[in-house]
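2 protein chains.
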Amino acid sequence: MTMKKTKGGVCAPLGFLAGAAGCGIKNGKVLRDDIAVVISEVPARSAATFTTNKVKAAPVLLSAANVKSGRNRAVVLNSGNANACTGRRGLEDARAMAAAAAGAFGLKPAEVLVCSTGRIGVPMPMDRIRKGISALKPSRSGGAAAAAAIMTSDTFAKEFAVEVSVPGGKFRIGGIAKGAGMIDPNMATMLCVLTTDADVAGPELRKLLRESVANSFNRITVDGDMSTNDTVVLLANGRSGVEPPAGVFRQALDEVTRALARMIVKDGEGVSRFVEVEVRGAASQRDARAAAEAIANSTLVKCAWAGGDPNWGRILDAVGYSGVAMDEAKADIFYDKLAAVKNGTAAKTPFEKLRAVAAKKAFKVTVDLRLGAASYYVWTTDLTEEYVRLNLGE
Amino acid sequence: MTMKKTKGGVCAPLGFLAGAAGCGIKNGKVLRDDIAVVISEVPARSAATFTTNKVKAAPVLLSAANVKSGRNRAVVLNSGNANACTGRRGLEDARAMAAAAAGAFGLKPAEVLVCSTGRIGVPMPMDRIRKGISALKPSRSGGAAAAAAIMTSDTFAKEFAVEVSVPGGKFRIGGIAKGAGMIDPNMATMLCVLTTDADVAGPELRKLLRESVANSFNRITVDGDMSTNDTVVLLANGRSGVEPPAGVFRQALDEVTRALARMIVKDGEGVSRFVEVEVRGAASQRDARAAAEAIANSTLVKCAWAGGDPNWGRILDAVGYSGVAMDEAKADIFYDKLAAVKNGTAAKTPFEKLRAVAAKKAFKVTVDLRLGAASYYVWTTDLTEEYVRLNLGE
Numbered sequence: 115m116t117m118k119k120t121k122g123g124v125c126a127p128l129g130f131l132a133g134a135a136g137c138g139i140k141n142g143k144v145l146r147d148d149i150a151v152v153i154s155e156v157p158a159r160s161a162a163t164f165t166t167n168k169v170k171a172a173p174v175l176l177s178a179a180n181v182k183s184g185r186n187r188a189v190v191l192n193s194g195n196a197n198a199c200t201g202r203r204g205l206e207d208a209r210a211m212a213a214a215a216a217g218a219f220g221l222k223p224a225e226v227l228v229c230s231t232g233r234i235g236v237p238m239p240m241d242r243i244r245k246g247i248s249a250l251k252p253s254r255s256g257g258a259a260a261a262a263a264i265m266t267s268d269t270f271a272k273e274f275a276v277e278v279s280v281p282g283g284k285f286r287i288g289g290i291a292k293g294a295g296m297i298d299p300n301m302a303t304m305l306c307v308l309t310t311d312a313d314v315a316g317p318e319l320r321k322l323l324r325e326s327v328a329n330s331f332n333r334i335t336v337d338g339d340m341s342t343n344d345t346v347v348l349l350a351n352g353r354s355g356v357e358p359p360a361g362v363f364r365q366a367l368d369e370v371t372r373a374l375a376r377m378i379v380k381d382g383e384g385v386s387r388f389v390e391v392e393v394r395g396a397a398s399q400r401d402a403r404a405a406a407e408a409i410a411n412s413t414l415v416k417c418a419w420a421g422g423d424p425n426w427g428r429i430l431d432a433v434g435y436s437g438v439a440m441d442e443a444k445a446d447i448f449y450d451k452l453a454a455v456k457n458g459t460a461a462k463t464p465f466e467k468l469r470a471v472a473a474k475k476a477f478k479v480t481v482d483l484r485l486g487a488a489s490y491y492v493w494t495t496d497l498t499e500e501y502v503r504l505n506l507g508e
Numbered sequence: 115m116t117m118k119k120t121k122g123g124v125c126a127p128l129g130f131l132a133g134a135a136g137c138g139i140k141n142g143k144v145l146r147d148d149i150a151v152v153i154s155e156v157p158a159r160s161a162a163t164f165t166t167n168k169v170k171a172a173p174v175l176l177s178a179a180n181v182k183s184g185r186n187r188a189v190v191l192n193s194g195n196a197n198a199c200t201g202r203r204g205l206e207d208a209r210a211m212a213a214a215a216a217g218a219f220g221l222k223p224a225e226v227l228v229c230s231t232g233r234i235g236v237p238m239p240m241d242r243i244r245k246g247i248s249a250l251k252p253s254r255s256g257g258a259a260a261a262a263a264i265m266t267s268d269t270f271a272k273e274f275a276v277e278v279s280v281p282g283g284k285f286r287i288g289g290i291a292k293g294a295g296m297i298d299p300n301m302a303t304m305l306c307v308l309t310t311d312a313d314v315a316g317p318e319l320r321k322l323l324r325e326s327v328a329n330s331f332n333r334i335t336v337d338g339d340m341s342t343n344d345t346v347v348l349l350a351n352g353r354s355g356v357e358p359p360a361g362v363f364r365q366a367l368d369e370v371t372r373a374l375a376r377m378i379v380k381d382g383e384g385v386s387r388f389v390e391v392e393v394r395g396a397a398s399q400r401d402a403r404a405a406a407e408a409i410a411n412s413t414l415v416k417c418a419w420a421g422g423d424p425n426w427g428r429i430l431d432a433v434g435y436s437g438v439a440m441d442e443a444k445a446d447i448f449y450d451k452l453a454a455v456k457n458g459t460a461a462k463t464p465f466e467k468l469r470a471v472a473a474k475k476a477f478k479v480t481v482d483l484r485l486g487a488a489s490y491y492v493w494t495t496d497l498t499e500e501y502v503r504l505n506l507g508e
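So the protein sequences, as listed, match chains A and B. Under my numbering, think of the first position of the first sequence as 115, with each following residue one higher. Under my numbering, think of the first position of the second sequence as 115, with each following residue one higher.
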C-alpha cells in the first residue's frame with residue numbers, strides 16, 4: 115500500500131459533505147461561524163469514544179445513546195457553549211439540535227450525533243442554534259469551514275486527510291478537530307470528527323477507533339484537566355468500494371488521529387514547546403504510563419521547560435511521587451540523546467548542552483527506569499505565563 | 115487548660131537553643147544565613163515524618179535512620195542545596211554534616227538529624243558547610259534567626275509557639291518551618307522543626323505527630339509537586355516537668371502545625387489567594403480527599419481563582435475526572451456561604467456576588483456531593499503568572 119497526505123479534511127473521502135454557519139451562540143453577535151455539520155450522502159457506519167469524566171455534557175449523553183446503533187450519517191457541532199452542567203434542559207436542547215439537523219437534511223434524529231464545546235453551565239440559545247442549523251449548506255468543499263467553526267481558543271483550524279492505495283483501489287480518511295484548553299488523556303476538551311469512504315464492518319470500526327484513540331488523543335496532555343465534552347466520532351460510508359485489511363486501515367487511521375493530536379498539543383493555550391515524554395524500562399505498562407503522565411502534568415517541570423531549563427531534578431521528583439516502582443540509583447534521564455542523569459545523579463553532559471535542547475521548540479525527554487521492559491510515551495507542552503493569562507477567567 | 119500564643123518559636127519551650135550562620139552554600143557568596151541548628155540542652159525524645167516520594171534526599175535517608183532511636187537532641191538544617199539526587203556521596207555528606215554538628219556541640223552523631231533544602235542534583239559544598247557549622251552559636255534567642263536561615267523562595271520567616279497552662283503547670287510547643295514551592299500533601303518542599311518542653315512518652319509522641327501532620331502539613335497543596343526533602347521533626351525534652359494528657363498535647367500541637375501550614379500556603383510562590391476546599395457528602399473519606407485534591411490541583415481552577423473568577427464549571431469538571439463516586443445531578447457547590455451550583459447546574463446566586471467572593475484574599479469552596487457522610491478539606495492557592503515566572507528556571 116502507499117499512503118499520501120491529501121486535501122479536504124473530512125470531505126476528502128467520497129460522499130461526505132460539510133458546512134458551517136454563524137449564529138452568535140456565545141453572546142448573540144455573529145462574528146464568526148460557530149455551528150457546523152459533517153454529513154454522509156449515503157448511509158454510514160459509525161463509532162465513537164467519549165470523555166471518561168463522570169460529569170458528562172448533554173451532547174455526550176445523547177451521542178453515546180445514538181451511536182449504539184452503529185448507523186449515523188451526520189454530526190452537528192457547535193462552539194461557544196458546551197451544553198455541560200445544564201441538567202434536564204441541556205439534554206432536551208441536545209435532542210432538539212439533533213432533531214433540527216435531521217429535519218434540515220432529511221435524516222432521522224437518531225442518525226445525528228451532537229458535539230458542543232465552549233462555556234460550561236450556560237443554557238443553549240436554541241433559537242439561534244435552530245437558525246444556524248437552517249443556514250447550513252453542506253458541500254464537498256466545506257471541510258475547512260467546519261474545522262474553523264468548532265474552534266474555541268484554538269489559534270488555527272485543524273484538519274488532516276490521507277489517501278491510501280491498495281490492490282483493490284483507493285480509500286481516504288479525513289478529520290477535523292479542536293482542542294486548546296482542558297487537554298488531558300481520555301481525552302481532552304477536544305472534538306474530532308473522522309470520515310472514511312472505506313468499507314469497514316461495524317465491530318472492526320469500533321475496535322480500530324478505540325485502539326487508534328489510545329495511541330493518539332489519549333497520549334496528549336496540556337494542563338491535566340479532562341473535559342466534560344470530549345468526543346471522537348468516525349463515520350464510514352463505504353463509498354470507495356474498498357475493503358482494506360484491518361492493519362492497513364488502522365495505519366491510515368493512526369496517521370490522521372496522530373497528526374490531529376499533535377496539532378492539538380502544539381496549539382495548546384500559551385504553549386511554546388512541544389515535548390514527547392517517554393518512560394521506558396518500567397516494571398509494568400501501568401507504571402510507565404503513570405510516570406510519563408506525572409512528568410507531563412508536573413507544574414514545576416512544565417514551568418522549567420517554559421524557561422528552557424532542563425531541570426532534571428523536577429523530573430526525577432515527579433517520577434518519585436508518581437508511586438511507580440523505581441530504584442533512584444538506576445534511573446537515567448535523557449534530553450533528546452544527551453544524558454542528563456545517569457544512575458540517579460547528574461550525568462557528565464555539560465549543562466549548556468542540555469539547556470540548548472530544552473530551549474528548542476520541540477524535544478524529547480526519556481526516562482529509563484532500568485527495571486523492566488515496559489514503556490509509554492505522551493505528548494505534552496510547557497506551562498507559560500500566557501497560559502495562566504488566558505485562563506484567568508472572564 | 116488555657117492556651118496562648120507566645121514568642122520565641124523553637125526557643126519558646128524551656129531548654130532549647132537555636133542559632134544560624136552564613137556560609138555561602140548556594141554559590142560561595144555569604145549574602146545571608148543559610149545554616150541553622152536547633153538543639154536541646156538536655157537529652158530529648160524525638161519523632162519525625164518524611165516525604166513519601168520514592169526519590170528521597172540523602173538527609174531524609176540519614177534522619178529516618180537516626181530518628182529510629184527516638185532519642186535525638188539536635189537538628190542541623192541548611193538552605194541553598196537539597197542534597198538530593200546526589201548518590202552515595204550525598205549520603206556521606208549528610209553523615210558528615212551530622213558528625214560536624216555532633217563535634218561542635220558535644221553530641222553523638224546519631225543524636226543529630228539533618229534537613230536540607232534548595233537545589234537538587236548539586237553536591238554539597240562540604241568545606242563551606244563545616245565552616246558554617248563551626249560558626250553556629252546557639253542561644254535561647256536564636257529561634258528567629260534559624261527560621262530565617264532555612265528560607266528558600268519564602269518571602270517571610272515562619273515561626274509559631276504556644277504556651278499551655280494545665281493543672282500541673284505550664285508547657286510550651288514551638289516551631290519553625292519553610293515552604294514556598296513544591297508544596298503538596300505528604301508533605302511539601304517543606305522543613306519543620308517542632309520543639310516542646312512537655313514530657314511525652316516516645317510512642318505517644320510519634321502517634322500524636324503523625325496525626326497532627328495529617329491534619330496540617332498533609333492538607334496543603336500549592337502546585338501538586340511533592341518534594342524529595344520534606345521533613346517534620348518534633349523534639350520533646352520534658353524540661354517543664356509537665357506530662358499533659360494526650361488530648362491536650364495534641365490540641366496544642368495542632369495549633370502550632372496548623373498555623374505553620376497556613377503560613378506555608380499563604381507564602382506559596384506567587385500566591386494571591388488562600389482557598390480552603392472542602393468536599394462533603396462523599397461516599398467515603400478516600401473519595402472526599404481525592405475530590406478535594408483534584409480541585410486544589412486543577413491548573414484551570416487555580417488560574418480562574420487567580421483572575422477572581424468563581425468558575426464552578428471547572429470545579430465540577432475536576433470532581434468528575436477525580437474518579438470519585440458522584441451523581442452530577444445531586445452536586446452542590448458553594449463559594450463561602452453562597453450557592454454557585456445546586457443539583458449540578460447553576461444556582462440562582464447572581465454571578466457578581468460569587469465573583470466578589472472569588473476576588474477575596476481568602477475564601478472557602480465547598481462541594482457537597484450529597485451521597486454520604488464523609489468529608490475532607492485542603493488548603494490551597496491560586497496559580498498566577500508570577501508562579502510561572504518564579505519557576506522558569508535559572
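Hints in this document: simulated from the structure, not taken from any laboratory. A couple of the hints might just be wrong.
Any copy will do: because identical chains look the same in the list, a pair fits if it lies in one copy or spans two.
[To be verified] Calculated cross-link-like contacts (lysine-lysine; reagent style PhoX-like; alpha-carbon spacing at most 20 Å):
id, residue 1, residue 2
1, Lys119, Lys284
2, Lys380, Lys118
3, Lys143, Lys119
4, Lys467, Lys478
Hints versus structure:
1. Lys119 - Lys284: Within one copy only: 13 Å inside a chain, 80 Å across chains, cut-off 20 Å.
2. Lys380 - Lys118: neither (22 Å within a copy, 56 Å between copies)
3. Lys143 - Lys119: neither (37 Å within a copy, 59 Å between copies)
4. Lys467 - Lys478: Classified as within; 14 Å inside a copy, 46 Å across copies.
Comparing the model with each earlier hint shows violations of hints 2 and 3; every other hint is respected.
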